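Peer 1: Chain by chain, the residues run as shown.
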Amino acid sequence: MKRRDAIKRMGYAAGFVVITPTILGILNSCTTEVAKWTPKFLMPEQAQFLIKLVNVFLPKTSLPSATDVNVPEFIDRYVDEIFTIEDQQIFKAAFSNTMTKISMHQGLEILDEVEDFQIKAFLDEHLMVKDEVDIEREANPDFKGKTTSEFLNTIKTMTIQAYLTNEKIGEDVLAYEPIPGAYYCGDLKSLTDGKSWSLD
Amino acid sequence: MATKTIDISNEQFDAIVVGTGISGGWAAKELCEKGLKTLVLERGRNIEHVKDYPTAHKDPWDFPNGESATRETKERKFKQHRTGYVTREPNQHFFVDDIKHPYNEKRRFDWIRGYHVGGRSLMWGRQSYRLSDIDFEANKKEGIGVDWPVRYKDIAPWYDKVEEFIGISGENLGLPQLPDQKLLKPMDLNCVEEHLKARMSEEFDDGRLLTIGRTAHITEGTKPGLGRVQCQYRNRCMRGCPYGAYFSSNSSTLPAADATGNMTLRTHSVVYEVIYDETKQLATGVRIIDAETKEKIEFKAKVIFLCASSMASASILLQSKSSRFPKGLGNDSGELGQNIMDHHFHVGAFGIADGFEDKYYKGRRPNGLYIPRFRNLGGNTDKKEFLRGYGYQGGASRSSISEMVAELKYGPKLKEAILKPGEWNISLLAFGETLPDSSNRMYMNYDIKDEWGLPTITFDADFGKNELAMRKDMKEQAVKMLEIAGFKNVEGYDLENRRAMGLGIHEMGTARMGRDPKTSVLNEHNQVHTCKNVYVTDGAFMTSSGCQNPSLTYMAFTARAAHHAAEQFKKNLTQRKLNLKDIT
Chain G
1 MKRRDAIKRM GYAAGFVVIT PTILGILNSC TTEVAKWTPK FLMPEQAQFL IKLVNVFLPK
61 TSLPSATDVN VPEFIDRYVD EIFTIEDQQI FKAAFSNTMT KISMHQGLEI LDEVEDFQIK
121 AFLDEHLMVK DEVDIEREAN PDFKGKTTSE FLNTIKTMTI QAYLTNEKIG EDVLAYEPIP
181 GAYYCGDLKS LTDGKSWSLD
Chain P
1001 MATKTIDISN EQFDAIVVGT GISGGWAAKE LCEKGLKTLV LERGRNIEHV KDYPTAHKDP
1061 WDFPNGESAT RETKERKFKQ HRTGYVTREP NQHFFVDDIK HPYNEKRRFD WIRGYHVGGR
1121 SLMWGRQSYR LSDIDFEANK KEGIGVDWPV RYKDIAPWYD KVEEFIGISG ENLGLPQLPD
1181 QKLLKPMDLN CVEEHLKARM SEEFDDGRLL TIGRTAHITE GTKPGLGRVQ CQYRNRCMRG
1241 CPYGAYFSSN SSTLPAADAT GNMTLRTHSV VYEVIYDETK QLATGVRIID AETKEKIEFK
1301 AKVIFLCASS MASASILLQS KSSRFPKGLG NDSGELGQNI MDHHFHVGAF GIADGFEDKY
1361 YKGRRPNGLY IPRFRNLGGN TDKKEFLRGY GYQGGASRSS ISEMVAELKY GPKLKEAILK
1421 PGEWNISLLA FGETLPDSSN RMYMNYDIKD EWGLPTITFD ADFGKNELAM RKDMKEQAVK
1481 MLEIAGFKNV EGYDLENRRA MGLGIHEMGT ARMGRDPKTS VLNEHNQVHT CKNVYVTDGA
1541 FMTSSGCQNP SLTYMAFTAR AAHHAAEQFK KNLTQRKLNL KDIT
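Line order of the protein sequences matches chains G and P. Under this note's numbering, the first sequence has 71 at position 71, and the numbering climbs by one with no breaks. Going from the second sequence to this note's numbering is simple: count from 1 and add 1000.
Hints were generated in silico from the structure; no laboratory data involved. Only a predicted model underlies this, so the values are computations on that prediction, with no experimental measurement involved. C-beta atoms are modelled at their ideal positions from N, C-alpha and C, and glycine is treated no differently. Some hints here could point you the wrong way.
Label pairs and their calculated CB-CB ranges [unchecked claim]: (1) P:R1498 with G:D131: 24 to 30 angstroms; (2) G:A139 with P:E1496: 49 to 55 angstroms; (3) G:I179 with P:H1093: 20 to 26 angstroms; (4) P:N1104 with G:A139: 42 to 48 angstroms; (5) P:N1497 with G:I110: 25 to 31 angstroms; (6) G:I110 with P:P1412: 27 to 33 angstroms; (7) P:D1516 with G:D200: 31 to 37 angstroms.
Calculated cross-link-like contacts (lysine to aspartate or glutamate; reagent style EDC-like; alpha-carbon spacing at most 16 angstroms) [said to hold, decoys possible]: (8) P:K1058 with G:D187; (9) P:K1359 with G:D193; (10) P:K1409 with G:D187; (11) P:K1362 with G:D187; (12) G:K130 with P:D1062; (13) P:K1420 with G:D200; (14) G:K195 with P:D1062; (15) P:K1362 with G:E167; (16) G:K168 with P:D1062; (17) P:K1058 with G:E167; (18) P:K1420 with G:D187.
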């Protein structure tokens, strides 16, 4: 749970990046090629939920969806290879807890059947945006784990970072210049047509 | 440049250089160019320029986990990881494994290093400033430590020589505390940095200025070495530069040494002792352990240059015990291993610049802004709370994600927002001078040995009262400057829990120069006072730290010492020939 408040500013400075260049098509994804992805860290039901969740954050438009660019695989590998053992345990516990909560929230016996609109309803209640405060955290300031809101925001941040450091997004969607050859200031519009550089 | 695999154990060398980093490369180049047959010993593996920079062209998506440090790296390189950046995937392979290369900490000390040809010249920060007479005279004026046995006029021509060879870009300001240099054209400040610069010149009457950093990058023309050309603004320097655009031993000094035909480079050679001859009262060579075969070998030479890094060179001297030097070679004073200094940092301020939303930049500048020292230079710059001063490094850039991202939950609008650059951030990070203090020291621990059976180093050092008092001002002035510029959300910081000696990676001072052998280890030519054919020219020689990044000073002193050593060598050679004539 959360409420709007002017106290807390949220940061999006998490420093992770990356992904594999292969195209991964899974479940709701519109890609036709179905590659096999065996999660390294996540339980199969967690992986399935993650696939739905990341596509709610970044659905398919004229640009690829999160699953089109392998975001779930990235997150799974990232937690497996980069997180400390302690952070893995926190992540795992928060994931289970969140899945239980959303099932109860939506009155679902099996989370496999969760629909996008149900995920959105849950996010509306728990995902924190700028200037909102986490009531669960306020009630338990010393809790070492992640609250539901913190967990959802972590997934949102990881989804965005994974998306932006994908090869297709980095080279074809964002402004990409591997060898700039110079450094100078200029107008955003004329330099990149308003987009970010993919390399910084 | 190929490393020699032939048997060189019976060869007689004119000179031995221990180490191939910033100072070792220069010693090798200068000695070889003066005609001395020189054996260069490196404890790590070879790194060939370009060929051995495996990540130089990789984009973030070319790494299995992006550029983040893996758990395995963080576990094996747990002390290197204290920096927070050297263990990242693009460059972690250039930093040591802390489990394989242990050291001990009576007080926390962050010893960040790389064992390979080129040493830290491959991964250094590249900021290059001269010391001035304000620095060389400070100890004497204030009665701190010992007096430097050199003044600016002694070293100035050697700064010239080094700068012209390696290439440094920047802007001369004509400041007494920051001497002018031989500079290539400066890199650009961006529009937010220009704004801060303009506001500072309007608001301060104490001489503080903002300029672009002086950095060891080629910005015009070329420089000698292996095809060294202009910087391409990729900012991937720490991975090794395929253009040779920044200075490293690998691209510049070692190829120059190699081209003379006088250099023999032997890798995997862990030097642990300088051999002292009691009759000659000189060193006759070094003892090494081959890192791979664990074989012990002696190499002989007339001149020894220790350029192994401040801590490693002190460690070699401390292990070089004889009946003449029971506390280690040249350690009559007991100062060897003491007076460790570094630059204290992780203090400053940051803020956000409004009004530049329609501005952006092209390129990734491997450099930032610089605010030269403006404290304790006389008049209204004097502070009674602390001695010496500090400078700021920093810069402005746009964050890669728009602040809109924090306001949007999910869906197509969020997806659009994440493609846009975020707000302009600006930060100032102070680097402060540290006073020499004999209680800040390292010594050998013979109870804990490494896998080669060599004693390990124990560190016992921290910053003192003067540095802590200086930090208050470092934070306050950073806040003041950003506020005066009209930036918003300005916050000062002083990361107390991250503050430890060594983290600046400017550790120095363990074999200081001085005029008196009773209180110092080295003389004015970087010679061990009591064993004159041993020169120490890495950071160990520093008598005070200044607040300037020190590598350029190591290079200049090394070139000067090598010139001195070569002159002495030739004089002795002539003398021996004359003596021979007398006999025959």
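Peer 1: Decide, hint by hint, whether the structure agrees.
Peer 2: Results for each hint:
1. A hinted range of 24 to 30 angstroms for the beta carbons of R1498 of chain P and D131 of chain G is consistent with their spacing of about 29 angstroms.
2. Between A139 of chain G and E1496 of chain P the beta carbons are some 29 angstroms apart, a value that contradicts the proposed interval 49 to 55 angstroms.
3. Between I179 of chain G and H1093 of chain P the Cβ separation comes to about 23 angstroms, which falls inside the hinted range of 20 to 26 angstroms.
4. Judged by the Cβ atoms, the range 42 to 48 angstroms given for N1104 of chain P and A139 of chain G holds: they are separated by roughly 44 angstroms.
5. Distance hint check for N1497 of chain P and I110 of chain G: the Cβ-Cβ separation is about 46 angstroms, which falls outside the suggested range of 25 to 31 angstroms.
6. At about 29 angstroms, the beta-carbon gap between I110 of chain G and P1412 of chain P stays in the expected band of 27 to 33 angstroms.
7. With their beta carbons about 52 angstroms apart, D1516 of chain P and D200 of chain G fall outside the hinted range of 31 to 37 angstroms.
8. A distance of roughly 28 angstroms separates the Cα atoms of K1058 of chain P and D187 of chain G; the hinted pair therefore is violated under the 16 angstroms criterion.
9. The straight-line distance between the Cα atoms of K1359 of chain P and D193 of chain G is roughly 11 angstroms, inside the 16 angstroms bound, and the hint therefore holds.
10. Note on K1409 of chain P and D187 of chain G: the hinted pairing is violated, with a Cα-Cα distance of about 29 angstroms set against a maximum of 16 angstroms.
11. For a cut-off of 16 angstroms, the pair hint linking K1362 of chain P to D187 of chain G stands: about 10 angstroms separates their Cα positions.
12. Using a Cα cut-off of 16 angstroms, the hinted pair K130 of chain G and D1062 of chain P is violated, with the two alpha carbons roughly 33 angstroms apart.
13. About 13 angstroms separates the Cα atoms of K1420 of chain P and D200 of chain G, which keeps this hinted pair within 16 angstroms; it holds.
14. Between the alpha carbons of K195 of chain G and D1062 of chain P the distance comes to roughly 22 angstroms, so the proposed pair goes past 16 angstroms and is violated.
15. Of the pairs offered as hints, the one joining K1362 of chain P and E167 of chain G is violated, with about 20 angstroms between alpha carbons and a cut-off of 16 angstroms exceeded.
16. Proposed proximity of K168 of chain G and D1062 of chain P is supported: the alpha carbons are some 12 angstroms apart, at most 16 angstroms.
17. As the CA atoms of K1058 of chain P and E167 of chain G are separated by approximately 11 angstroms, the hinted pair is consistent with the 16 angstroms bound.
18. A C-alpha spacing of about 14 angstroms is found between K1420 of chain P and D187 of chain G, which places the hinted pair at or below 16 angstroms, so the restraint holds.
The structure fails to meet hints 2, 5, 7, 8, 10, 12, 14, 15 from the earlier list, while all remaining hints are met.
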